[in-house]
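With the sequences and hints as input, model every part of the structure.
Quick note on the working numbering: the sequence shown kicks off at 27 and runs consecutively.
Derived from the structure by calculation, the hints contain no laboratory data. Please read these numbers as outputs of a predicted model, since none were measured by experiment. By construction, the Cβ of each residue, glycine as well, lies at the ideal position given by its N, Cα and C atoms. No incorrect hints appear here.
Just the calculated beta-carbon pair ranges, DEER-fashion:
id: 1; residue 1: 129; residue 2: 157; range: 19 to 25 Å
id: 2; residue 1: 168; residue 2: 142; range: 31 to 37 Å
id: 3; residue 1: 193; residue 2: 139; range: 25 to 31 Å
id: 4; residue 1: 157; residue 2: 203; range: 32 to 38 Å
id: 5; residue 1: 108; residue 2: 177; range: 16 to 22 Å
id: 6; residue 1: 206; residue 2: 77; range: 36 to 42 Å
20 Å max Cα-Cα, derived EDC-like pairs, lysine to aspartate or glutamate:
id: 7; residue 1: 142; residue 2: 94
id: 8; residue 1: 191; residue 2: 203
id: 9; residue 1: 142; residue 2: 101
id: 10; residue 1: 191; residue 2: 129
id: 11; residue 1: 142; residue 2: 129
id: 12; residue 1: 191; residue 2: 223
id: 13; residue 1: 202; residue 2: 223
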Amino acid sequence: MPDPQDRQVFDLTRRQVLEAGTIVPLSSAMLPTAGLAQQARSQPSPENGMTVHLSFRVNGRPTALDIDARASLLDLLRERLGLVGAKKGCDHGQCGACTIHLDGRRVASCLTMAAKADGRDVTTIEGIAGANGLHPMQQAFIDHDALQCGYCTPGQIMAAIACVKEGHASTPEQIKEHMSGNICRCGAYVGIVAAIEQAAPQIERS
27 MPDPQDRQVF
37 DLTRRQVLEA
47 GTIVPLSSAM
57 LPTAGLAQQA
67 RSQPSPENGM
77 TVHLSFRVNG
87 RPTALDIDAR
97 ASLLDLLRER
107 LGLVGAKKGC
117 DHGQCGACTI
127 HLDGRRVASC
137 LTMAAKADGR
147 DVTTIEGIAG
157 ANGLHPMQQA
167 FIDHDALQCG
177 YCTPGQIMAA
187 IACVKEGHAS
197 TPEQIKEHMS
207 GNICRCGAYV
217 GIVAAIEQAA
227 PQIERS
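The following block contains the structure:
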């Protein structure tokens, strides 16, 4: 039969183990949080000299503001200027949903540093319609039902306009090749090609 004194020692040891087993996971759980907090404090903030002054034109309007030097052009447009037409899709420059024009050339705004827009012209989907109505490419997308959910449509339209102006809209095959950087997960590609073919002559004449 076990000695009662030995049993008491066992119970105390078991209790100590349980207490230790509770404290260790809690301490471990706190370590990552403490590390992140320290990391956040050590990272330079805009108030610590990470701002740059940006002066550029957005859809024809002069714009000047101080920005975080690390900001992407997409985030600047959406979060600072309220121009939410350019969408954040993959955020890796692979889907084309964020396509805009920088000095008339299409760019993936998610991969373009906002600071690179200094002194330049930025055009987004909000700035392409004229005083008399929609841009010919916008109208063509409507005419050919070249959209379904519409999420990628602003980027598709901006890329399509650039495709025509670059001289890459002569044949359906050429259009497909030079629009391949813009993904439509709904599969409206037939309508997109048709829309570009319809709008191309009018854009080329303008």
